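Two chains, two frames, some hints: make the complex.
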Amino acid sequence: MSQLVFIVFQDNDDSRYLAEAVMDDNPHAEMQHQPAMIRIQAEKRLVMNRETMEEKLGRDWDVQEMLINVISIGGNVDEDDDHFILEWK
Amino acid sequence: MAVQNKKLNLKDKYQYLTRDMGWEPTYQKKKDIFPDEDFEGIKITDWSQWEDPFRLTMDSYWKYQAEKEKKLYAIFDAFAQNNGHQNISDARYVNALKLFLTGVSPLEHAAFQGYAKTGRQFSGAGARVACQMQAIDELRHSQTQQHAMSHYNKHFNGLHDAAHMHDRVWFLSVPKSFFDDARTAGPFEFLTAISFSFEYVLTNLLFVPFMSGAAYNGDMATVTFGFSAQSDEARHMTLGLEVIKFILEQHEDNVPIVQRWIDKWFWRGFRLLSLVSMMMDYMLPNKVMSWSEAWEVYYEQNGGALFKDLERYGIRPPKYQDVANDAKHHLSHQLWTTFYQYSQATNFHTWIPEKEEMDWMSEKYPDTFDKYYRPRYEHLAKEAAAGRRFYNNTLPQLCQVCQVPTLFTEMGAPTKLSHRQLKYEGERYHFCSEACCEIFEHEPEKYIQAWLPVHQIYQGNCEGADVETVVQKYYHINIGEDNFEYLGSPDHKRWLSIKGVKPADEDKNAA
Ligand SMILES: [Fe+2]
Ligand SMILES: [Fe+2]
Ligand SMILES: [Zn+2]
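Chains as they are written, first to last, in UniProt numbering: chain A, 1 to 89; chain B, 1 to 511.
Warning: the hint list may mix true and false statements.
What the hints assert, rightly or not - Taking lysine to any residue pairs in the SDA-like style, the calculated list, with each CA pair at most 20 Å apart, reads:
#, chain 1, residue 1, chain 2, residue 2
1, B, 245, A, 3
2, A, 44, B, 311
3, B, 7, A, 83
4, B, 13, A, 83
5, B, 13, A, 64
6, B, 63, A, 89
7, B, 308, B, 319
8, B, 68, A, 11
9, A, 89, B, 307
10, A, 44, B, 300
11, B, 7, A, 59
12, B, 70, A, 11
13, A, 89, B, 309
14, B, 308, A, 85
The set of hints was computed from the structure by calculation and includes no laboratory data.
Bear in mind that the values here come from a model prediction, so they are computed numbers and not experimental data.
Just chain B, same shape as in the assembly (with noise of 0.2 Å):
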């Protein structure tokens, strides 16, 4: 008798692979080999219930990863061979990219690490072949991300030792900590923090309207670096979403649990994402979308959908979306005006906006631009043109919990100061909000451990007390080159050359 060949469908592979890796153990106890997966009290009653609906199987899996590989690293090449540095649309946009590179790559490479050791904590066969999936694709996200810069580090500064950077510097510690925050959290959290709030809710906000707006101005490395990492991206939110569902459907007192990770990690989130609200509004120097616009569209839009959806689990949304929702006004201008006067200690450069820059803000912002910001760009422009360039020599004080300078204003109240505090054993702990605030008082042993870089430094901890010694000895950034005003700078300089253009003092030293 003839045996028919049948080919499966995606349905039947998907199974095949998720149910022949799973197994009942025999001589150790299933509580032994995954240790970790009840104590955050997320009660798991069938675990055949997961689904992941791309169904990808292994074979699928390193077929369509190859030929996005294979795009990708053609293109990185043209750039490269077409010195596609020189056809961005300013020199001031790269300085985007030092960001990115020091402050997002890294994260790509600690969801490697998150996803490889979280997979291992589900009894789970289809949880674990999903987050093994997923860390093999932020592994390619970190990589592919510093083979694209790799080109910029050649002709500009400030690129030169991101890891180093990220594990050290000042407002780094905010990404760096973010990450390290969910990563010892027990791994059900993990998921929440990362698959749920941060990539389905949050991340398109930094890969679609920014990578676009990389489009805009010339740089197509990064867009297809970005627009690449994004495609394995509409894989992990359709996880995220299934994640959250499948915890919820499994037991109903897993409902009070998820909605304070939900609570709490779309404000950490919120808080990281308040440095792609300043790469988009200035760095950018052609303009696609505001960050007010963004959020509309990609959290209150989407999230408002999507929270709707979530409703007959007995999910609420975030519980401070709606200061969130409030600071879309603010967030990009109170952010730059901070990094503005620490320039002496970023890897990157700062600026006052162009006057056209000025008035797109003005149009996208009409109710606080003008009223808010724009005076102080005058009075830091007069200053500087006068010879005072401000910084700020005074160490910030920073928010114990999302490691950001206390810089937030109140809702509703944009010139009152956003600052709590409380004791905890004797110790006097600084935030930047109610929400920071709430989420120490929930959990004060892991917070208490933070690593603050402004206090580190004045404990001693940093290689000096002196901001120069910290920024060159310590931080590895190069003075003179990677930090202060971007007029003036030597990639500035460079870039006039590019363009053709000689900049005024060279002039003077001809003469």
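Okay, chain A solo, but in the shape it has when bound (with noise of 0.2 Å):
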């Protein structure tokens, strides 16, 4: 049985880059468009970079700051410093 997970932004400024970012880095993700809304699923795990942020972003970034435009989220979360993880094990 196929097991994703799946994170949901709201459709604004910032989350355009944190959807790009999750699909650079997650090249077997899967993104919906819904009203006023993002939603990325995938097979088993999703993960989100510092890194590739800051470089979207051209500016420092903290994982937290992703809390503000994330709707919601399906899968074990794994959070540092440097990436924010959603994975079924």
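In structure tokens, the structure reads:
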């Protein structure tokens, strides 16, 4: 059986960078647009890297900043200073 | 020697917060300080194993929450200044907000109280901190929702006395009793009920597709509070999953206890969300996603992945999930046809779906809508056209546990009413389902105390014996303004005048 993890962002300016970064770092992920939101799902694992985001934004970025734009997640969370990971092991 | 001023990383910061907030008591017994920690039978051997993956500390908590609030209130202001209510898809939509304000927002407040109380019960500092932050979040949700919807209260009926209605109105006892049931349980059951079963497994269905639907219907204020609340929810959901894993890892004796709670609270939550099924399919004039599609994504798919992950702890999916999965084809239609009949006693209006909406439902519910539900609407429409808009004057039989009228049908038999009954200490009790009956059988002493609105009316505890008195005096529903059919209601007329359309009967008056 397939086991999807997912993350949903508010569709706003910050999230467009977030979504782009997630798609760059997770080639197996699938992005869906629904009214006012962006939903990304992937088999087993999704990772968000601080480094990728900082490159996209051209500034320092704290992983916890994403808390402002996230609507929902599915999967076990592992967060530290450099990344945010969602996964089913 | 120069002191190196090292910046703490997330893990260290979180450790300091949760380690320094806990200490071993010396002049009081631990048992006296945390008297409710073990009566449920849950065994915790090592609280230091508690991990909050977000590792949010108070300084970042306030920083991010303040930013969320600023964004949110900027949108509320813009919405009000631009008369945003005039840009929604249709005034029928506002009825979903009436249900939200009276049914959901008070639950946010109940969640605030629940987490504040429950957090006090744990001897582990990590759990206390998590509950404390969540209590503040939930208070924020309750407040921002009331602020957002207060704008609608200036322009539409039925939003004027939400807290009062929540405590009294018959169908609002469904959400109210759900949360009261959780809050009167022990601390570990409360977390399993609300953090895990409700927030992790089920609330996506309300806050994600429904809120996306609010945006699609032009309601920027609601989608913004919805998503702003939900950004806290991502943390709450994570907590829900961590709580379950923590309890299960602590002791194998915890597994059967937790499994029973998951079975119970999945079912209680599913019954509560039947109200949301109707909000999605019937109360959003512009449709985004059907209830059955949302159920497939947010329960069958995500819940499936989750319960597969929990297998390694010896946890299986909720006992009655098959019944819930089967019900996705029927739920919203059974609910709406019931509310349609009882609109004389609700603070919101109901209506027969328009032709395009019914066609949409035929498409989304190919096996059930045309066969079972369209004919009902055609009949009701004919009655209404003949001047006999149907209102049911018999008060419904409520389920002793979930308090929903016994309106559901049996799995795989959509014309057979689902009903169970049993006798306990000489009294007969009624249930909507096997699952609710089973919940009762396990804790009869709790559920015989249920405050069932219909019984209360018959017992004379609601300021009168006839529907009109109860509705007006006891519920504070303004008759002829808040209740009855949508077509021809003051809300409907107001909407027509906003849109520059003259209602038919005003034409007559002018003539
Ligand atoms: Fe909340
Ligand atoms: Fe919450
Ligand atoms: Zn029930």
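Status of the hints after comparison with the structure:
1. 245(B) / 3(A): Holds, at about 18 Å.
2. 44(A) / 311(B): holds (16 Å)
3. 7(B) / 83(A): holds (18 Å)
4. 13(B) / 83(A): holds (16 Å)
5. 13(B) / 64(A): OK: residue 13(B) and residue 64(A) at ~13 Å, within 20 Å.
6. 63(B) / 89(A): Cα-Cα ~33 Å, so violated.
7. 308(B) / 319(B): The given pair, whose Cα atoms are some 14 Å apart, holds under the 20 Å limit.
8. 68(B) / 11(A): holds (15 Å)
9. 89(A) / 307(B): Distance ~12 Å between residue 89(A) and residue 307(B) Cα, so the pair holds.
10. 44(A) / 300(B): holds (16 Å)
11. 7(B) / 59(A): Given pair residue 7(B), residue 59(A) holds - Cα atoms ~19 Å apart, limit 20 Å.
12. 70(B) / 11(A): holds (17 Å)
13. 89(A) / 309(B): holds (7 Å)
14. 308(B) / 85(A): Distance of about 19 Å is within 20 Å: holds.
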